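**Q** So you can see what is in the structure, the chains are spelled out below.
2 protein chains.
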Amino acid sequence: MNASSLMSGVLAPVVTPFKDDYTPDRDRYLKHCQWLAAQNCGLAVFGTNSEANSLSIDERMSLLDMLVEGGVDPTRMMPGTGCCSIPDTVKLTKHAVDHGVGGVLMLPPFYYKNVSDEGLYRSFAEIIERVGDDRLRIYLYHFPQMSAVPLGIELVGRLQEAFPSIVVGMKDSSGDRENLEAMLRNFPGFGYFVGSEALLLANMRAGGVGCISATANINPAGIDGLFQKWKTDEADALQESLNQVRGTVQQFPLVPALKTIISHYGSDSEWNRLRPPLVELDDAQGEKLIADLQAIGFEMPGL
Amino acid sequence: MNASSLMSGVLAPVVTPFKDDYTPDRDRYLKHCQWLAAQNCGLAVFGTNSEANSLSIDERMSLLDMLVEGGVDPTRMMPGTGCCSIPDTVKLTKHAVDHGVGGVLMLPPFYYKNVSDEGLYRSFAEIIERVGDDRLRIYLYHFPQMSAVPLGIELVGRLQEAFPSIVVGMKDSSGDRENLEAMLRNFPGFGYFVGSEALLLANMRAGGVGCISATANINPAGIDGLFQKWKTDEADALQESLNQVRGTVQQFPLVPALKTIISHYGSDSEWNRLRPPLVELDDAQGEKLIADLQAIGFEMPGL
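From first to last, the protein sequence lines stand for chains A and B. According to our numbering, the residues represented by the first sequence are 1 to 303, in order. According to our numbering, the residues represented by the second sequence are 304 to 606, in order.
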């Protein structure tokens, strides 16, 4: 394993704009990815906050093709590829690896609940074998509140031991600081991303490598600022400032809140549309969100 | 709506056999479906117990094609078609309707949790509009323990009112007797299936139409016996006898237990294989299960 090839820093689980027939809005999508990339933000396309689980396999592959053709650097991309079924996960993962992505973010199969570690191990092992590509870098996606299928220390250890150059990291969206510290104690050098910038400083201090956070869609430069300066005296103040923005946004359901914000600051009401089962904020929620952000001086320069 | 076209009785969420490369074993699958159909058992192919959420869209369509070509009556089929994404659900549903199935069993989109009734309503409405076929009959699939996305009375009422000839029934796998009674009080005439034969008599007495139960894979004639005689004096004794088999099987994880039983009684070890993330019973579990079934005189004639 070439350590220098591993991903780090701040990534956005890129929100996906939709047209009024709910098809992905390719132009707005590319433009948003370019805006993020210009602020040193990596692209965790097809994450939870991308409504990726509301997209078909073909829609995801087509959007990734479009981004790469549009000149977005694949090495800064970590597409979500974990589906319920092994064939679907393999298809998306192969496609992403063939585009030269920096890594893939892999949910466990998430329909069946209370499955055994043995069953999860067999899933990941089968996927790795079928993809059959040395370039594959998997970041395991631990998000028990949404997937309802947690990835515990024993399973992660077994996967790391069996596939040391492939299972190289994790995104931990549990928000559980004890879990992050335990993982990094057990697996020093693991490419550990937290799922919220509220834990970015804690993660860096514990040996982690960055964060993949919904709010990086709207505050990429701010979050990257802390990543760049986490070893400096400014770090705690920067963390505090990030927490203020995060706290304001997460009063509301995250994906609709992000789309309201992009829509407002970009003066583009087309952005404020979600694919079912998610729904947009109502007017009162949207107005409160924007008023609260303005009250703390929030801006989105260059959007 | 032509009431006589609605489904009723006992259906099996047909278990799916796999070869050693985890591809579906088409011959064994067809044979098992024929065995079930010969005992007056309807086929809820691609349900939870079918490991359908571990199959790709193409695998499901190909298996359904094969069953219809193999002569299995589509009007006694209720394929599961509910996926996380609207395009996938629409594709499977159209395909099933084109085969003339009696109905489809539709999970809500199940990745995103704590979604609103408005979001779920929009999902189902969008799917119905895109399928755009008067022959469509949807049975809503309520299984909060697995999908983690419950379907409440208000949502069901709204869907029924908007699409009275299409949203015709429900499978309730919650095991919650109060829920079943409340649904049938609110929606008399709704095609209500319970997800376990343990509630079959209660469901029929409350105005329901049958059950779709994992154990119908191994005890179809027994369960159909109660369905045929639920109005007679024998009903309570028949229910008691079904509960004994059910109780024996559900000491263990259901899908592996069913495959162990089919494998044992059919003298065919090839049946005892699951696609990850599910795993087979270990030897001690399997031996206890079979011994317990033998102790109550369980048999699978004609398998």
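No wet-lab data here; the hints were simulated from the structure. Be aware that one or more of the hints could be misleading.
Said to hold, decoys possible - Counterexamples of contact, computed for chain A against chain B with all Cβ distances above 12 Å:
{"id": "1", "residue": "A37"}
{"id": "2", "residue": "P108"}
{"id": "3", "residue": "D134"}
{"id": "4", "residue": "S174"}
{"id": "5", "residue": "F190"}
{"id": "6", "residue": "G247"}
{"id": "7", "residue": "G266"}
{"id": "8", "residue": "D292"}
Unchecked claim - Pulled a few chain A residues facing chain B out of the computed Cβ check, cut under 8 Å:
{"id": "9", "residue": "F110"}
{"id": "10", "residue": "S123"}
{"id": "11", "residue": "S267"}
{"id": "12", "residue": "L278"}
{"id": "13", "residue": "V279"}
Bear in mind that the values here come from a model prediction, so they are computed numbers and not experimental data. Built from N, CA and C at the ideal position, the CB exists for glycine as well.
**Q** Please go over all the hints and tell whether each is borne out by the structure.
**A** Each hint, compared with the structure:
1. A37: Holds, because the least Cβ-Cβ distance between A37 of chain A and chain B comes to about 26 Å, which exceeds 12 Å.
2. P108: 7 Å, violated
3. D134: 22 Å, holds
4. S174: 14 Å, holds
5. F190: 22 Å, holds
6. G247: G247 of chain A is indeed farther than 12 Å from all Cβ atoms of chain B, at 20 Å.
7. G266: 24 Å, holds
8. D292: Answer for D292 of chain A: holds, closest chain B Cβ roughly 22 Å.
9. F110: 7 Å, holds
10. S123: 4 Å, holds
11. S267: The hint is violated - S267 of chain A has no Cβ within 8 Å of chain B, the shortest such distance being about 26 Å.
12. L278: Holds - the Cβ of L278 of chain A comes within 8 Å of chain B, reaching about 6 Å at its closest.
13. V279: With a closest approach of 5 Å, the V279 of chain A hint holds.
When each numbered hint is compared with the structure, violations occur for hints 2 and 11.
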